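Trainee: In order, the protein sequences belong to chains R and L. Counting in the working numbering, the first sequence runs from 1 upward without gaps. Counting in the working numbering, the second sequence runs from 1 upward without gaps.
These are computed hints drawn from the structure, not numbers from a lab. Some hints here could point you the wrong way.
[Claimed, not checked] Computed beta-carbon distance windows for the label pairs: (1) R:D258 to L:P152: 25 to 31 Å; (2) L:A170 to R:R4: 35 to 41 Å; (3) R:N285 to L:L183: 25 to 31 Å; (4) L:A170 to R:P66: 32 to 38 Å; (5) R:A170 to L:A284: 19 to 25 Å; (6) R:P152 to L:T212: 25 to 31 Å; (7) L:T60 to R:V263: 25 to 31 Å; (8) R:R267 to L:E63: 49 to 55 Å; (9) L:L183 to R:A33: 31 to 37 Å; (10) R:E211 to L:P210: 31 to 37 Å; (11) R:Q191 to L:E30: 34 to 40 Å; (12) R:A271 to L:P189: 40 to 46 Å.
The structure presented is a predicted model; accordingly, all values stated were derived computationally and were not measured. A virtual CB, placed ideally from N, CA and C, is assigned to each residue, including glycine.
Number of protein chains: 2
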Amino acid sequence: MPARSLPSQPSVAIVGATGAVGVELLGCLEQRAFPVSRLRLLASARSAGKTMTFRGQPVTVEELTPDSFAGVDLALFSAGSGLSKSHAPLAVQAGAVVVDNSSAFRMAPEVPLVVPEVNAAAMEGHGGIIANPNCVAAIATVALAPLHRAAPIRRLSLATYQAASGAGAAAMEELRLATAAALRGEDYPPQVLPHPYAFNFFSHNAAMDPETGYNGEETKVVAETRRILDLPDLPVGITCIRVPILRAHGMAISVAFDAPVDVEAARALLAAAPGVKLVDDRAANHFPMPSEASGQYDVLVGRLRPDWADPSGRTLAMFVVGDQLLKGAALNAVQIAEALLPRQG
Amino acid sequence: MPARSLPSQPSVAIVGATGAVGVELLGCLEQRAFPVSRLRLLASARSAGKTMTFRGQPVTVEELTPDSFAGVDLALFSAGSGLSKSHAPLAVQAGAVVVDNSSAFRMAPEVPLVVPEVNAAAMEGHGGIIANPNCVAAIATVALAPLHRAAPIRRLSLATYQAASGAGAAAMEELRLATAAALRGEDYPPQVLPHPYAFNFFSHNAAMDPETGYNGEETKVVAETRRILDLPDLPVGITCIRVPILRAHGMAISVAFDAPVDVEAARALLAAAPGVKLVDDRAANHFPMPSEASGQYDVLVGRLRPDWADPSGRTLAMFVVGDQLLKGAALNAVQIAEALLPRQG
Chain R
1 MPARSLPSQP
11 SVAIVGATGA
21 VGVELLGCLE
31 QRAFPVSRLR
41 LLASARSAGK
51 TMTFRGQPVT
61 VEELTPDSFA
71 GVDLALFSAG
81 SGLSKSHAPL
91 AVQAGAVVVD
101 NSSAFRMAPE
111 VPLVVPEVNA
121 AAMEGHGGII
131 ANPNCVAAIA
141 TVALAPLHRA
151 APIRRLSLAT
161 YQAASGAGAA
171 AMEELRLATA
181 AALRGEDYPP
191 QVLPHPYAFN
201 FFSHNAAMDP
211 ETGYNGEETK
221 VVAETRRILD
231 LPDLPVGITC
241 IRVPILRAHG
251 MAISVAFDAP
261 VDVEAARALL
271 AAAPGVKLVD
281 DRAANHFPMP
291 SEASGQYDVL
301 VGRLRPDWAD
311 PSGRTLAMFV
321 VGDQLLKGAA
331 LNAVQIAEAL
341 LPRQG
Chain L
1 MPARSLPSQP
11 SVAIVGATGA
21 VGVELLGCLE
31 QRAFPVSRLR
41 LLASARSAGK
51 TMTFRGQPVT
61 VEELTPDSFA
71 GVDLALFSAG
81 SGLSKSHAPL
91 AVQAGAVVVD
101 NSSAFRMAPE
111 VPLVVPEVNA
121 AAMEGHGGII
131 ANPNCVAAIA
141 TVALAPLHRA
151 APIRRLSLAT
161 YQAASGAGAA
171 AMEELRLATA
181 AALRGEDYPP
191 QVLPHPYAFN
201 FFSHNAAMDP
211 ETGYNGEETK
221 VVAETRRILD
231 LPDLPVGITC
241 IRVPILRAHG
251 MAISVAFDAP
261 VDVEAARALL
271 AAAPGVKLVD
281 DRAANHFPMP
291 SEASGQYDVL
301 VGRLRPDWAD
311 PSGRTLAMFV
321 VGDQLLKGAA
331 LNAVQIAEAL
341 LPRQG
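Take the sequences, apply the hints, and build the full model.
Mentor: Have a look at this one:
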């Protein structure tokens, strides 16, 4: 069966339009001049009736129902795993291609899990749903794929510095409110996240597997990174930490190869890689950081050096920061949709 | 030559009394009922004349001069490497034992570098100066030593989450001011640290070696961890990141051994280790974090699990958080001084 592609001027629906990612989906469609013929903004009953702006025009948010997808060519889902499971199949039945930002279908064998710079070919033959990866996996693989193409990756370690936005707009607001309270010397009981967030970091709040000692965020990153890089047995060690940052994720990465690492060659590969901006200025002590990654499409990569933990010299260390709401979510989804548009003659 | 020890009621001087660490040195001496017979608070001319409180009594800060150490038995230095180099020998000449919090003497072969829980025996035969380690090295080795005693450590990796306090009281204030400005939507040009600090993290600001790609903080941690653990050839990989936290450092640690790791046994060793508090509650998703480590003497250790990056099972992953100003600085210095007091009959 040939995969369903998009018409040149698709009718687009955003499911979860008022959420942190929904707002960025709208922004990416506009900024990237995605050829939207008609736009529907879908959300819960609570948000229905709100007005958002697209290309200078007001668009009223509608309540998501099973019938919302009539006439929709492209449905961008970002409303949580439960809603994706219940409503994405309805959208496909109604004729839409779904790009799903939840974890609902990411490990389903018939659903491609795609970072366009890395594995765009996996989209071929899709069955109507394409999954958008976990934010850490998306950002990490953009930096890893150019290296892996040159020399196969044998082992991977990550320690993350993750922003509030991964837990949604309410967590971003909690960070602001809790921090303001702390600066006033007041307590702020956590409501969205399980621990105090003002000037604090903590192990990622995803459910912890009591047997393995790894949390759900960590197991997602491991499984999805393996799938995106097509390295099903890659050993991946990971520690996910939530830090008091608004919307950019960082990660200290160590990546092992079969042969000693040539840092200059790695730097050249990354400098030429799509979606990567090399920020690796040792003289100026200038490396990737959220203040420069936030709002940017590119993933910032720097601090390239041999990892001293591996005396054989086969391990490269680097530090990567990417906007969680953009490359970690909305941008990647819109890039997937762009790849489904008919090629310009 | 028998090492100089302290009288039972030493006369104590704090050099750098008004700094972030100086304030904590004063607090530790008081809270731990260190038997101070007489206290001198020494600082720069700018701070001289200020009043600080010790055991309910006001103590006037004096300007540090070459003659400040007459009659002083114990001089606790925390005023930067330059002042330690110039004035610590004067204090020793005047008859004092110096515990130095700077990096000035940490790698000098004749100067012991000490974390009392780890290598108290190294103090024997000291020549008048004992060095207090870098904060990350002190906190990390408290967690590593109990494991290393049971089975030798073969490799170590750290990714740090470091607080403002490591750069002094002015950096802590910059974090507060920059964050308050950001919450008001205003810019705050960085003055103390080289990058914006509000809701931002960045590669540690210590000078970067353009050849190796490692910064001065990282090379200190590597060299000092090896020296404290008496493992001169230990391979140590490290990434030091400054996060917007006031006074507790975190670190994701992977530590490799010769044989497969028994997580339960490691947990039992750490639960019984001096200076360690095990915070490793998988069911409650409760692990070490700055909000619980700040102001605490103990180093919090948790997230114990096999590191999935090592399929042989020989690598243990853990997450460690300790108060940078206490175990990372003032507490450790006062513990060294306590070890120099005559033993109680």
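Trainee: Of the hints given before, which are not true for this structure?
Mentor: 2, 4, 7, 10 and 12
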